[in-house]
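J.: Given chain A's structure and the hints, the job is docking chain B onto it.
Protein chains: 2
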Amino acid sequence: MALTLNDIEKARDRISSYVIKTPLIRLQNLDSYLGCEVYIKAECMQTTGAFKLRGAMNKVLSLTEEELRHGIVAASSGNHGKALAYAAKMLGVKAAIVLPYTAAKVKVDTIRAWGAEIVQCDVSERFEVAERLCRERGAVLVPPYNDEEIMAGQGTAGLEIMEQCPGLDTVVVPVSGGGLIGGVSTAVKAVSPQTRVYGAEPAVLPRYTASLKAGRPVRVEPSGTVADALVSQIPGEICFPCVAANTDAIADVGEEYILKGMKLLLLEGKILCEPSSAIGIGAVLQGLLPIRSTDRVCFLISGGSVSLEQIARLERISI
Amino acid sequence: MALTLNDIEKARDRISSYVIKTPLIRLQNLDSYLGCEVYIKAECMQTTGAFKLRGAMNKVLSLTEEELRHGIVAASSGNHGKALAYAAKMLGVKAAIVLPYTAAKVKVDTIRAWGAEIVQCDVSERFEVAERLCRERGAVLVPPYNDEEIMAGQGTAGLEIMEQCPGLDTVVVPVSGGGLIGGVSTAVKAVSPQTRVYGAEPAVLPRYTASLKAGRPVRVEPSGTVADALVSQIPGEICFPCVAANTDAIADVGEEYILKGMKLLLLEGKILCEPSSAIGIGAVLQGLLPIRSTDRVCFLISGGSVSLEQIARLERISI
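For the record, the sequence lines run as chains A and B. At position 3 of the first sequence (counting the first as 1) the number is 3 in my numbering, and the numbers step up by one without a gap. At position 298 of the second sequence (counting the first as 1) the number is 298 in my numbering, and the numbers step up by one without a gap.
These are calculated hints, taken from the structure and not from any lab test. Fair warning: there could be bad hints in the mix.
Note that identical chains are pooled: a pair holds if it fits in a single copy or bridges any two copies.
Said to hold, decoys possible - Here are the simulated SDA-like cross-link-like pairs (lysine to any residue), alpha carbons at most 25 Å apart as the crow flies:
{"no.": "1", "residue 1": "Lys213", "residue 2": "Leu288"}
{"no.": "2", "residue 1": "Lys105", "residue 2": "Leu133"}
{"no.": "3", "residue 1": "Lys89", "residue 2": "Glu66"}
{"no.": "4", "residue 1": "Lys213", "residue 2": "Leu61"}
Here chain A stands alone, though its shape is the one from the complex (with noise of 0.2 Å):
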């Protein structure tokens, strides 16, 4: 059954409680740089950092209370496991935290320091590393994006775009495993079917495309990325459908041109983001994106969860 605009309105009242209505904020000074009327929804100034809270919350909150009786298991490259680790808190409920050895240390302290239990593995084996656990322990396993109640909950943002900013020509949103566009690309679509909803995935794992042309899931190899949030090796086979009912176009954006976006975003927008979330900017730099000067355009900003060091090395980045 395909995700409804009615799923996502329920999961928006259902978390409105636990979760910040980021701003959406207007960005002038970008208009020359990406040659259109630049937007941005602030998912980086969102509770633990990043959206996914929204789905977080939007599926612990619908597990029942013998559901979650022995606890919860993420599988994360680090804001999902964020985000779940601050809900169980939250919730009073236990969370173990499985993530790859590859995810930024300021990610991993903060999972840490709200009590979770972490397990480090390799990034092709979190998924086996968090399934095991929860056959250990009877606990319920909370994907980051392959669930309807996650999707659900990502899609809120979509939904406060469209009612802070309504008649958006485009929206542009960053894309790993497609939990975030399948949300977002289904409220918008819903709300306003004229808007066009892009996606922006890292060119070196190109799955959507891939999906999207083969028309089924397809698995790319793995590859490192400096968009450390965006390393799904193939899209989920919930979220593959609504991604593909609901968007226009997907961008195979050039690492370059990621953390051209991120330097741009922060030096000429006056807004920090992690490398995953420029990438929507990063792509209109690249130039893979139809935009035109009169569109009134939001870049989906999904987190915010970077260090000193990492802005540092974007000195030998030029915009």
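T.: Same frame as chain A, but now just chain B:
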């Protein structure tokens, strides 16, 4: 004659097509750090990177063609110079900018790029040098703060704050010569007399605390400060009475707390500003302002001219 709401409203009409109505942003993630409901007025997102364009544009637009014939001259620690250079470029007027050797390189480069002539000197000599240039050339000196048209222009930020977030309890404003807080406090008190207006100046340059105590502008010893846009040694004599009449208190903020404020705003608020602009947040972190947990407090974030190098140096600062 004292500055009035009418002067500021006229300035708003005069400059509206040249300046950005910058966003007023709710930063919920800072509430627990600052002990209040946190808002910012993001003048770091203003054209030229700072509020200074408001006053500069209002001043230049109030001069006659004859007065502008031999160009304009400004003495500035950076942002005023940038604003003047930009205004001059837009209006086709010749500009010379006098600025101290200590001005941030990123500011100097930008001024040069906008086609203005640059004259560098010691910070204590900058007004003399500017006056000499005016005498030699017949050019018009545009003062950075001690001028009614300049103050009226800066005051438009105050009008916008109260329009964007009516009923604010408190507005906190960075203080140097008094142009910004003079204009903003006049606007805020005229529109909403019960809203408190606090100023924040570097403790190493306590020119307003000393002057308010003395009841007249008092010159303090020169000093270096991380707040390199707040280096005035004495209140402007035109600014002083406006500030005295409309400001509830001035906080003298320690250097370390200015940088703590900048780091907090960047890493937790996701907003990039220059050190000077974070001084109001620093004042609250240092416990210098009587803020209650239910107060809605807007920090005027005056500018965002900052380099990656300066950001990297925040590593040694603890929040």
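J.: Are the hints correct? Go through all of them and say.
T.: Against the structure, the hints come out as follows:
no. : hint            : result
1   : Lys213 - Leu288 : within (17 Å within a copy, 61 Å between copies)
2   : Lys105 - Leu133 : within (23 Å within a copy, 54 Å between copies)
3   : Lys89 - Glu66   : within (17 Å within a copy, 68 Å between copies)
4   : Lys213 - Leu61  : neither (36 Å within a copy, 57 Å between copies)
Comparing the model with each earlier hint shows a violation of hint 4 alone; every other hint is respected.
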